[in-house]
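> Residues per chain are reported as follows:
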Amino acid sequence: MSKASDTPKVANLNDLLSVAYQVEIDAVDRYNVLADQMETHNNPELVKVFRDLARAEGIHGEEIRRLAGDFDVAARAREIAKFGRADSPEEVDLGAAHYMMTPWHALQLSLAGEKRALAYFTSIVETAKDPKVKALAAELVEEEAEHVNLVHRLLLRYPKPSDTWADDMDPPVSQE
Amino acid sequence: MNAPLACKPADYKSEIKPIWCPGCGDYHVLMSFTRAFAQLGLPPEQIAVISGIGCSSRIPAYTNCYGFHGVHGRSLALAAGLKVTRPDLTVVVASGDGDGYSIGGNHFLHACRRNIDMTYVVMDNHIYGMTKGQPSPTTEPEFDTALSPGGTGVRPFHPLVVALASGANFIARCFSGEVNETADVLAEAIRHPGFSFVEILSPCVTFRPDEKNWKDQVHPASVGATADQGKAARRLMTDDGFNIGILYRGGRTPYRPAVAATNIDLSELEKDFEL
Numbered sequence: 000m001s002k003a004s005d006t007p008k009v010a011n012l013n014d015l016l017s018v019a020y021q022v023e024i025d026a027v028d029r030y031n032v033l034a035d036q037m038e039t040h041n042n043p044e045l046v047k048v049f050r051d052l053a054r055a056e057g058i059h060g061e062e063i064r065r066l067a068g069d070f071d072v073a074a075r076a077r078e079i080a081k082f083g084r085a086d087s088p089e090e091v092d093l094g095a096a097h098y099m100m101t102p103w104h105a106l107q108l109s110l111a112g113e114k115r116a117l118a119y120f121t122s123i124v125e126t127a128k129d130p131k132v133k134a135l136a137a138e139l140v141e142e143e144a145e146h147v148n149l150v151h152r153l154l155l156r157y158p159k160p161s162d163t164w165a166d167d168m169d170p171p172v173s174q175e
Numbered sequence: 000m001n002a003p004l005a006c007k008p009a010d011y012k013s014e015i016k017p018i019w020c021p022g023c024g025d026y027h028v029l030m031s032f033t034r035a036f037a038q039l040g041l042p043p044e045q046i047a048v049i050s051g052i053g054c055s056s057r058i059p060a061y062t063n064c065y066g067f068h069g070v071h072g073r074s075l076a077l078a079a080g081l082k083v084t085r086p087d088l089t090v091v092v093a094s095g096d097g098d099g100y101s102i103g104g105n106h107f108l109h110a111c112r113r114n115i116d117m118t119y120v121v122m123d124n125h126i127y128g129m130t131k132g133q134p135s136p137t138t139e140p141e142f143d144t145a146l147s148p149g150g151t152g153v154r155p156f157h158p159l160v161v162a163l164a165s166g167a168n169f170i171a172r173c174f175s176g177e178v179n180e181t182a183d184v185l186a187e188a189i190r191h192p193g194f195s196f197v198e199i200l201s202p203c204v205t206f207r208p209d210e211k212n213w214k215d216q217v218h219p220a221s222v223g224a225t226a227d228q229g230k231a232a233r234r235l236m237t238d239d240g241f242n243i244g245i246l247y248r249g250g251r252t253p254y255r256p257a258v259a260a261t262n263i264d265l266s267e268l269e270k271d272f273e274l
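Chains as they are written, first to last, in numbering that gives the first Met the number 0: chain L, 0 to 175; chain D, 0 to 274.
FYI, nobody ran anything at the bench for these hints, they're computed from the structure. All values derive from a computational prediction rather than experimental measurement. No residue lacks a Cβ here, since even glycine has one placed at the ideal position from N, Cα and C. Among these hints, one or two may not hold up.
[Stated by the list, open to error] What follows is a list of derived Cβ distance ranges for each label pair:
1. L:Leu149 to D:Gly250: 53 to 61 angstroms
2. L:Ile79 to D:Arg251: 35 to 43 angstroms
3. D:Arg85 to L:Ala165: 41 to 49 angstroms
4. L:Glu145 to D:Arg112: 55 to 63 angstroms
Build the full structure now, drawing on both the sequences and the hints.
Dropping the structure here:
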């Protein structure tokens, strides 16, 4: 979880758009890394889940870019969107990946990311002085809350697997 | 401090997909490499990533930089030769605790001693992962498995202390899961003149699932880097192994041998190796 000291300083509306854009793009990168891992380790169901999640985050990123008009959110993000010791809020934990993980596990990772993003944008609503920043942050909070709900709804389709989900009768003996 | 950003981190990644186990810390290390390179604004063709053998040593293939996947334990020898002949290149060496501290242990000592301007990154998971989980030089003595019944009973190697005693000019410890922090430290290590040593605790989730707990054990160093070797020695000898950050920043002048111009034609040299 990001600490306040680890989060980027948002001075104005363009800063907020830039940080929000970077949050989505970081999520795209992580989901694609996970999809690649699952491809390598022959877990096609998870490849699809992670690619879908990456696509969804990419769409959010593009929406933010459009909202910014001519302002180059990607360039500004490279300057200010630094989360210090912490990951960017929606960067899922690669350390939690497993070659036999299920969609339920993927959605748990996603849920955690969405909740971190919700908390991050909520903190901006609570601390921003600029009313425009506050208003946009509130919109982002609403969106993230909707994403949290969406993941909860998706989880209804994928119940928690049994405790033996990671048992492998033919465990890996070679990485090549 | 941010350098001009000519390339994005993704620009340093190759098309080759890593084959590390899902959950492996080395994925994070690869991200830290690319973020550090982007932060430094180094074009990929000005960087050489050199490695030996092991899971961590696959990293050159996953970057768009120049790379050399060398023989076991010899990455530092290769890198030293490269840096001496091509001082214009930024040389980063990747290794693991088996490759770097066991078969490559002697090269480690002398690379520290020579203090050539390059950065040595050891992804330490306290195990030989690629060969299925044998104890490495940094494995705890009580680590009890079918391959080491009852544990090895052998005192672990202490790489940071050895690096300091041998003359490394920059010593840091990172945790792979802290991608941004590690990227910042790597950038600092590359900037610092001389031999920089960065040990990255990088969990092996397959053969050391207990290392998933490292993320809860690591903590930032309570004080900044020291330039005093005596203080650094005390600090490195007494820390808990989970102290993260730049721990020592020395001021030794890097070794830069004068490379004499040669008139030898390469084809003449090749004749010596003809069978």
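> If a hint holds in the structure, say so; if it does not, say that too.
Checked hints:
1. L:Leu149 to D:Gly250: 53 to 61 angstroms: Given range 53 to 61 angstroms: holds, Cβ gap about 55 angstroms.
2. L:Ile79 to D:Arg251: 35 to 43 angstroms: Since the Cβ atoms of L:Ile79 and D:Arg251 sit about 36 angstroms apart, the hinted range of 35 to 43 angstroms holds.
3. D:Arg85 to L:Ala165: 41 to 49 angstroms: holds, 47 angstroms
4. L:Glu145 to D:Arg112: 55 to 63 angstroms: Since the Cβ atoms of L:Glu145 and D:Arg112 sit about 59 angstroms apart, the hinted range of 55 to 63 angstroms holds.
No hint from the list above goes unmet by this structure.
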